[in-house]
Amino acid sequence: MTNHFTLRVNGADHDVRDSWLGESLLDVLRDRIGLLGSKGACEQGECGSCSVVIDGELVCSCLVMAASTIGQSITTVEGIATDGAPSDVQRAFVDAGAVQCGFCTPGLIVAVHSLLESDGEPTETEVREALAGNLCRCTGYGRILEAVERVVVERRR
Amino acid sequence: MAVFVATDVESAVQRLDDRPDSVVLAGGTDLMVEVNDGRLRPSPDADVVAVNRVAELRSWRHDSAAATVTIGAAVTYSEMLDEPLATLAPALAEAARTVGSPQIRNAGTLGGNLGTCSPAGDGLPVLAALDASVEIASVAGRRSVAVLDLMKGPKRTTLEPGDLIVSFTLPVVDGWQGYAKVGVRNAMVIAIASTCLVLDRQRQRVGLALGSVGPTVLRVPAAETKFAAALDWRTMTAERDAVQAFGDGAAQTAAPIDDHRSSAEYRRHAIGVLTRRLAARGLDTAGRAA
Numbered sequence: 001m002t003n004h005f006t007l008r009v010n011g012a013d014h015d016v017r018d019s020w021l022g023e024s025l026l027d028v029l030r031d032r033i034g035l036l037g038s039k040g041a042c043e044q045g046e047c048g049s050c051s052v053v054i055d056g057e058l059v060c061s062c063l064v065m066a067a068s069t070i071g072q073s074i075t076t077v078e079g080i081a082t083d084g085a086p087s088d089v090q091r092a093f094v095d096a097g098a099v100q101c102g103f104c105t106p107g108l109i110v111a112v113h114s115l116l117e118s119d120g121e122p123t124e125t126e127v128r129e130a131l132a133g134n135l136c137r138c139t140g141y142g143r144i145l146e147a148v149e150r151v152v153v154e155r156r157r
Numbered sequence: 158m159a160v161f162v163a164t165d166v167e168s169a170v171q172r173l174d175d176r177p178d179s180v181v182l183a184g185g186t187d188l189m190v191e192v193n194d195g196r197l198r199p200s201p202d203a204d205v206v207a208v209n210r211v212a213e214l215r216s217w218r219h220d221s222a223a224a225t226v227t228i229g230a231a232v233t234y235s236e237m238l239d240e241p242l243a244t245l246a247p248a249l250a251e252a253a254r255t256v257g258s259p260q261i262r263n264a265g266t267l268g269g270n271l272g273t274c275s276p277a278g279d280g281l282p283v284l285a286a287l288d289a290s291v292e293i294a295s296v297a298g299r300r301s302v303a304v305l306d307l308m309k310g311p312k313r314t315t316l317e318p319g320d321l322i323v324s325f326t327l328p329v330v331d332g333w334q335g336y337a338k339v340g341v342r343n344a345m346v347i348a349i350a351s352t353c354l355v356l357d358r359q360r361q362r363v364g365l366a367l368g369s370v371g372p373t374v375l376r377v378p379a380a381e382t383k384f385a386a387a388l389d390w391r392t393m394t395a396e397r398d399a400v401q402a403f404g405d406g407a408a409q410t411a412a413p414i415d416d417h418r419s420s421a422e423y424r425r426h427a428i429g430v431l432t433r434r435l436a437a438r439g440l441d442t443a444g445r446a447a
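Residue numbers (the working numbering), protein chains in the order written: chain D, 1 to 157; chain P, 158 to 447.
Quick caveat, the hints were computed from the structure, so don't treat them as lab data.
Do not rely on the hints blindly, as some may be mistaken.
Claimed, not checked - From the derived model, a few chain D residues whose C-beta atoms are all more than 12 Å from chain P:
| id | residue |
| --- | --- |
| 1 | R8 |
| 2 | R32 |
| 3 | G37 |
| 4 | G71 |
| 5 | I80 |
| 6 | G142 |
| 7 | L145 |
| 8 | E154 |
As the list claims (entries may be wrong) - Simulated restraints on C-beta separations:
| id | chain 1 | residue 1 | chain 2 | residue 2 | range |
| --- | --- | --- | --- | --- | --- |
| 9 | D | E146 | P | A379 | 52 to 60 Å |
| 10 | D | D55 | P | D398 | 51 to 59 Å |
| 11 | D | G140 | P | D398 | 22 to 30 Å |
| 12 | D | Y141 | P | P241 | 27 to 35 Å |
| 13 | D | G11 | P | T244 | 32 to 40 Å |
| 14 | P | Q409 | D | S73 | 48 to 56 Å |
| 15 | P | T244 | D | D95 | 39 to 47 Å |
| 16 | D | G97 | P | K383 | 56 to 64 Å |
| 17 | D | T82 | P | L197 | 47 to 55 Å |
| 18 | P | S200 | D | G84 | 27 to 35 Å |
From the three backbone atoms N, C-alpha and C, an ideal C-beta is built for every residue, glycine too.
For reference, chain D alone in the conformation it holds in the complex (with noise of 0.2 Å):
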């Protein structure tokens, strides 16, 4: 095996052939493939601004070796709209309100996403407890949390 790997991301094949050996998968997708859309702030798994899922398992892309996730199934953010139309969730984010300086926006729509496929009916505790890993520093969650409420109560109709 060497430092050039494919990697699967949103259902298409991305070749890398310029990453250091331990490169993030943050770092990959951002500067090699060119996906803007998973942030990177703390690179220790504090913040959740890179969260991606990997395999059906939501996890800090910062936290994942690139080249370790050959052969897996990647969707980042960029992989939840689709034809290009924003998803339920994430035009909750915006109806409420729940998007300000946004930079912590990518994270929370792949992390309630995550959690509303595992649980379509999670109490707010439950919901605090599944967005802990993602920190928002202008809206003090109130309206995160409203617009995940907005999408539980759209998706019983």
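Chain D is already provided as a structure; the job is to place chain P on it using the hints.
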């Protein structure tokens, strides 16, 4: 130099033996922080051996005849929260729930916890209080040692180059067990002080382990023996004074330091509080079941 994604233990240990400077990568929640920070650069002569797709390391099994559960080293904290494992190892599930965030729990592993061997590792007091053993593989074969014997100091173990942590075996206890931790918030927090208490009714044995208050996780044998003798194991009750003395004994055994997270004085106090709290919780719960 390459990243080697191992799919079985044999190929992983062979790779570690071929290139002794190689680094084992499990969940990445510790290792990648070092890499991102530039503190760790895999050597040109070495490999990164990723073990989180080794089936044996990703699974767990319950041996009901032996009353033990064996948990693969790459089982994640999220998986420790799932039933039925959470019921077989309840203190481990409680500890797992306090680790990081969902993102961290989906990646972080018990083997990584021991491999890093931070005195604040949340899984380690549980393994220590339960007298868990760890199975280690190398090209020379497999061996089993007590987890307590493997922890040597802060971020130091007695593991040799070429060793791979395979699994942990812990007793399924007839009695009560719990984990408690002090930190600055309910999530994403490294323990300022932590405790795991096991009240094993069948063996009439008390196990108490302390985290974040010494170079490694500490046991408190003198206070454990004294408390076990003071306990009425039939009714699962104890005098208030015995619980107080148990907490005091634990606090005296703690060997905390001042650092950027807390002071030694606060940590020692917290150990007394957490020990008494767990004892009260355990006796209350177990007493009602008796």
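Going down the list of hints, with the structure as the test:
no.: 1; hint: R8; in the structure: holds, 14 Å
no.: 2; hint: R32; in the structure: holds, 15 Å
no.: 3; hint: G37; in the structure: holds, 16 Å
no.: 4; hint: G71; in the structure: violated, 8 Å
no.: 5; hint: I80; in the structure: holds, 16 Å
no.: 6; hint: G142; in the structure: holds, 18 Å
no.: 7; hint: L145; in the structure: holds, 15 Å
no.: 8; hint: E154; in the structure: holds, 23 Å
no.: 9; hint: D:E146 / P:A379: 52 to 60 Å; in the structure: holds, 54 Å
no.: 10; hint: D:D55 / P:D398: 51 to 59 Å; in the structure: holds, 54 Å
no.: 11; hint: D:G140 / P:D398: 22 to 30 Å; in the structure: violated, 47 Å
no.: 12; hint: D:Y141 / P:P241: 27 to 35 Å; in the structure: holds, 34 Å
no.: 13; hint: D:G11 / P:T244: 32 to 40 Å; in the structure: holds, 38 Å
no.: 14; hint: P:Q409 / D:S73: 48 to 56 Å; in the structure: holds, 53 Å
no.: 15; hint: P:T244 / D:D95: 39 to 47 Å; in the structure: holds, 41 Å
no.: 16; hint: D:G97 / P:K383: 56 to 64 Å; in the structure: holds, 59 Å
no.: 17; hint: D:T82 / P:L197: 47 to 55 Å; in the structure: violated, 40 Å
no.: 18; hint: P:S200 / D:G84: 27 to 35 Å; in the structure: violated, 45 Å
When held up to the earlier numbered hints, the structure conflicts with 4, 11, 17, 18 and fits the remainder.
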